[in-house]
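Protein sequence lines, in the order shown, are assigned to chains A and B. Sequential numbering from 81 applies to the first sequence in the numbering used here. Sequential numbering from 81 applies to the second sequence in the numbering used here.
Treat the hints as calculated values from the structure; they're not laboratory data. The reader is advised that the hints may include incorrect statements.
[Unchecked claim] Each pair of labels, with its calculated beta carbon distance range:
no.: 1; chain 1: A; residue 1: G165; chain 2: B; residue 2: K140; range: 35 to 41 Å
no.: 2; chain 1: A; residue 1: P129; chain 2: B; residue 2: G165; range: 32 to 38 Å
no.: 3; chain 1: B; residue 1: N303; chain 2: A; residue 2: A326; range: 42 to 48 Å
no.: 4; chain 1: B; residue 1: L321; chain 2: A; residue 2: G235; range: 54 to 60 Å
Treat the numbers as computed from the prediction; the structure is a model and nothing was measured. Glycine included, C-beta positions come from ideal geometry on N, C-alpha and C.
Protein chains: 2
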Amino acid sequence: MSIRIGILGYGNLGKGVEIAVNAAPDMELAAVFTRRDPSSVQKQTAGVPVVSAAEAAAWKDRIDVLILGGGSATDLPEQTPQFAGIFNVVDSFDTHARIPEHFANVDRAAKEAGTIGIISCGWDPGMFSLARAYANAILPDGKDYTFWGKGVSQGHSDAIRRIKGVKNARQYTIPVEAALEAVRSGSDPELTTRQKHTRECFVVLEDGADAAAVEKEIKEMPNYFSDYDTTVHFISEEELLRNHSALPHGGFVFRTGSTGAAKEHRHIIEYKLTLDSNPEFTASVLTACARAAWRLQQEGQSGCRTMLDLPPAYLSERSAEDLRKHLL
Amino acid sequence: MSIRIGILGYGNLGKGVEIAVNAAPDMELAAVFTRRDPSSVQKQTAGVPVVSAAEAAAWKDRIDVLILGGGSATDLPEQTPQFAGIFNVVDSFDTHARIPEHFANVDRAAKEAGTIGIISCGWDPGMFSLARAYANAILPDGKDYTFWGKGVSQGHSDAIRRIKGVKNARQYTIPVEAALEAVRSGSDPELTTRQKHTRECFVVLEDGADAAAVEKEIKEMPNYFSDYDTTVHFISEEELLRNHSALPHGGFVFRTGSTGAAKEHRHIIEYKLTLDSNPEFTASVLTACARAAWRLQQEGQSGCRTMLDLPPAYLSERSAEDLRKHLL
């Protein structure tokens, strides 16, 4: 029997979940829920109903896990606890500082309803968290490094778009190769913000805007750019759409540590992602976590979980026997 | 209260466990068990008793988890089920083809005794298995690659030592850089055995041995060398001991896969280990798994597990709250 998946929110992430569910042999897409007018939503999968989010509760017995495609700023803090009261839910909440609070809210709602809520699934938080957790458990005496990119930062692109005179923009976060090599050398470097990443911006100006003033405003923007070496390119909107419409991303998690009676042995653990599509990869992680949510609830468990709590085998459609035989 | 660890077998792996337990804030080393004469064992940690393996059962209430340092060929198939009848146990059983049988034997013994047995902990099987399992669950449409090295293969070194005229030898397995780059390019290459790894041998001859004959016998040895490009260096025993006594190892696990309505987006997951000491790193993984074994039994669970079954947070000495707040 297939696991019946619902999707709430049909943006980039929701569309990625649709692709991942269709690629999973043990799942079927049961419904897409939207806060927009359902008739305005163009789905990729034929025959799947698009339903108003307000009517979701009526689908309680037809959905095994609801995957939330909303954003961390305003959607998920409200939606994840709310829908955990009805369904098993999975989200990609990524505001690191607010995770404990979000966890507590989802845990309360899920325990009351007897459901499972898995929060903060994706790659950071998510796969990068797993890489950090395993590496810290194995090498307690060591040092962590996380690098992001090369990839598009939506937050930084948005920040540029808010500048007067800017029509459109795309910002790439780029790890500094020399910093990666310093970490890989095992020399435990102390790295400043500027030494770890550079920022490259492709900007389309409004007619008559002052390029020099825009460039200065970008480079001096606190938090976003002032601590980085930033390059600004002014290009046409046609070039931006042609060459910078994709959403690649990725990054690196390292832990370097020592063992030995005199700490004489160095070890380096490196986990690296190179992703053509940030939302589709994130959606693939969410979908694997939905499988785990369903299994945990079938066992009679309830409450909030993160990927750090999930037995890895629960993410796989393969049986534990099969994994042991062919993959261990 | 500390987790009380016992070690069975005081070779390279057992000594590595001793180091890892001493580095763990929540563990203490309670005893070392040996099949040798206990008075012949020189421990690094003062005050810890060395006990004959035959008397281990008397330690049932003084040991929370027994970590087995034995080999997969003859020690562990017998010892792990036997001691799972007394203690929670952790081993590094690495004969991939015999894992299902070993699992069944340990599972039976552990369920009968109400203990937990975690088998095949280390890096391959172990961390590499986890990398494969997660990546397969996330990217079901993809391709796996595992490379080993650069590192010392004990099995291949032993095979050379068995050749007539060879006094001592050390063999390094080396991944081919061009093959790694082909995988990282996302081109999904089909790679032969010869294209993935080379083998480099450092050989000390007996007096009067025929170097050309030894080199030919190494290079033509089926399974071990005949499918590889192999280099043989003849060196003095003094040079071998000076430059080739360490046990470095490591390797790479890749999964490359696609998502998208038309499979148009490529993703590359890479997990890489660079280890100065293969036995000490393996021992560090075993020690983290001992923590998980103890927690699972405290929950009332019993039976056999592998790392694929362990919630990652159970490997860490930090609380779930702490991990969520600082590391997720």
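Taking 32 to 38 Å as the stated bounds, is the beta-carbon spacing between P129 (chain A) and G165 (chain B) within them? violated, 56 Å
Do the Cβ positions of G165 (chain A) and K140 (chain B) conform to the proposed distance bound of 35 to 41 Å? violated, 47 Å
G235 (chain A) and L321 (chain B) - C-beta distance against the hinted 54 to 60 Å: holds, 56 Å
That 42 to 48 Å hint for N303 (chain B) and A326 (chain A) (C-beta), does it hold up? holds, 46 Å
Of the numbered hints given earlier, the model fails hints 1, 2; all others are met.
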